[in-house]
Amino acid sequence: MYHLYKKTLKTGKLTEPVSVGAEVAELGTACQREIARQFGGSLAIRMVDAGSCNGCELEMHAVNNGFYDIERFGIHFVASPRHADLLLVTGPVTRHMQEALQRTYNATPAPKLVIAMGDCAKHGGEFGESYASCAGVAQVLPVDAVIPGCPPTPLQLLQGILQLLHKH
Amino acid sequence: MSQRQPARVTSGKSRELGQALQALQLEVAEQPALNPSCCRLRVNAADWGKVAEIAAKKSLRFSASWGDHCPPRILIFSLFSGCDGQVLVETALDENHPQLNAQTPFFPAADRPERHIQDLLGVHFSDHPDQRRWTRHRGWAADEYPLRNDFPRAGHPAAETPADSTYPFPQIAGSGVYEIPVGPVHAGIIEPGHFRFQAVGETILRLEERLGYVHKGIEKIAVGRDLQGLIRLAARVSGDSSVAHSWAACQAAEQALGTRLPARALALRAIACERERIANHLGDIGAICNDVGFAFAQTQLTRLRELWQRDNAHFFGHRLLFDYLIAGGVNSDLGAEQVEALLTAGERLRSEVAELLPMLLEYPSLQDRLRNTGVLPPETASRLGVLGYVGRASNLQDDLRRDALYPPYDQLEVEVPAYLEGDIARRVRVRGDEILISIDLLAKLFRQLPKTAIAVPCHATGQQVQGLGLIEGWRGETLAYLRLDAQGRVLRYFPRDPSWLNWLALEQMTDGTIVPDFPACNKSVNGSYSGHDL
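Line order of the protein sequences matches chains A and B.
Going letter by letter, the first sequence gives residues 38 to 205 in the numbering used here.
Going letter by letter, the second sequence gives residues 1050 to 1583 in the numbering used here.
Honestly, the hints are just simulated from the structure, not real lab data.
All C-beta atoms in this analysis are idealised placements derived from N, C-alpha and C, irrespective of residue type, glycine included.
Among the hints, a few may not be true.
[What the hints assert, rightly or not] If we take Cβ atoms under 7 Å as the criterion, some of the chain A residues that face chain B in the derived model are:
1) 91
2) 97
3) 102
4) 103
5) 106
6) 132
7) 133
8) 137
[Stated by the list, open to error] The following residues of chain B were derived to be distant from chain A, with all beta-carbon distances above 10 Å:
9) 1072
10) 1091
11) 1132
12) 1240
13) 1363
14) 1380
15) 1388
16) 1426
17) 1461
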């Protein structure tokens, strides 16, 4: 136990400041002021992998590490869509995930937001449209914002979510 | 306490398969190799099951099966591995009557590959013990075969593809037996798949996996791409194994086209591959510990992983090393100062890991959850032919970097850590050992970095060619089969992620374990859904 405490103290605080000024997300039609008011700056995210290569998930994990610490903004990942304000969707939406994604959306209480994370979720990315792929989240659900990238970096992801939440 | 196991060889000799088949009066024709470590035999379709029976008797390991539609024939391949390299066996079927005996009765690991071939190419395996579909859900009809040449890339999908609610899971009946369906959307930040548990109280009686949710048609959409496009796609077969898959695809292409790579390009690829191994091991050790509530490890190891990934971005252009490999080499070089900086970062990581690992491996309440949990006995590991750290924790030591040398590993000595117990604790241990071994390998690679070009052009040969790539990625043996046309465009690409084998281990190791230990078992295997579903 002693070694653990010692290591923790020696490691210190890693968390870095994040500027929200950068325009990262491509915002849709959602009214920004309204979002900020409805969620009061706090947000519960349910992620749905709808066919990603897993690159986006790795960077989603990274926003939880000490450097980005997304929870300091009152944003956290939840286990069920029923607890969620926002669906963070990755992947081009495979045909095999189409219904599961739709049901997850239906299970999320309104008001709710959808972010398409990554180039695949944006327009199909490297996988495009095919017998197996729907070519993007917007083909299946109403999308409020897109955070492009292959995958977006943790900083871009964090900035994109904050941008959707705050001001303008 | 467990001991590191000495190096040992469990597989038979792949080169003896041909003779053994001939001794039984089977027709066998040796074909030009598609990879230097791998001989290639053509056999009659009628003997397909027999070949597997003999391969099993010879103690070869089943590695992969796949098909390739070359009208009017469908070629079927199986790759078996031995201690002296691999043997690729192939046969040709009439596209109008594609029927074969299954190899599954002799190799349980052939089950899903054969069902994948059935779903995508319409080959019927007559004595296959499981006639259910596998990769196909309800995205295309039972009589449509996406990998046939006449199937259009766009297919004929409905506006809304219904859920796969009709898949027949076997039931277990009995007093107090209940089912837990989990997924495809899971509770954590993880890929989608379905797990069907049958349990009594807390104890798992049986777990069955249902995958295929992230099938995005990778094999089909590869067709027609140029090499650049192919390697970009290969880097996204499984985002955590970007280097392994792109290297396997590159190697297959370079074998097919007879491209000789400059030594520096090969060394830089190996550097990227070892960096990928370290990043994944760091992240997963933390995540396994976190799954049993030990957040300290998660906090520390995600810190180290983040620093490592930032160096990836700074020195190699991408946090996950996407698109660092290109056909014919790599896309950027390292200067002397950068090499020094990376060496220093490696040493820093070594001292951090050397400090942290003993804390984890000796922490009683953590080890209490990880030892004797999710046990995969060595015999089961061998029977399934599992790969990478999952195999090594059960003393199945196969590692291409040591056993089937490809450059630059032919110039390096690779230590392979192995244990006997086959539990989660040992899988964590193998991965901890591998981080330190990889840091050593990186130091050697950096110090001996050859002074040559970092890429050469890959020229089409003017004729149709085939190649096979075999790379030891962080998850284990990673394969790519490639057929290119006269202009160097892709006619067939098949990537085989190690997860095809390792997913089988998860079903076995959870028998009799308790439901709350499942997440840690799953994370300790960490199969790729994307790399499997294609």
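Each hint, compared with the structure:
1. 91: Nearest chain B Cβ about 4 Å off; hint holds.
2. 97: Holds - the Cβ of residue 97 of chain A comes within 7 Å of chain B, reaching about 5 Å at its closest.
3. 102: holds, 4 Å
4. 103: Because about 6 Å separates residue 103 of chain A from the closest Cβ in chain B, which is inside the 7 Å limit, the hint holds.
5. 106: violated, 10 Å
6. 132: Holds: closest Cβ of chain B sits about 4 Å from residue 132 of chain A, inside 7 Å.
7. 133: holds, 5 Å
8. 137: At about 5 Å, which falls below the 7 Å cut-off, the nearest Cβ of chain B leaves the hint on residue 137 of chain A intact, so it holds.
9. 1072: holds, 44 Å
10. 1091: About 32 Å separates residue 1091 of chain B from the closest Cβ of chain A, which puts it past 10 Å; holds.
11. 1132: The claim stands: residue 1132 of chain B keeps its Cβ more than 10 Å from every Cβ of chain A (closest is about 32 Å).
12. 1240: violated, 5 Å
13. 1363: holds, 12 Å
14. 1380: holds, 15 Å
15. 1388: holds, 25 Å
16. 1426: holds, 29 Å
17. 1461: Residue 1461 of chain B clear of chain A: closest Cβ-Cβ about 28 Å, beyond 10 Å.
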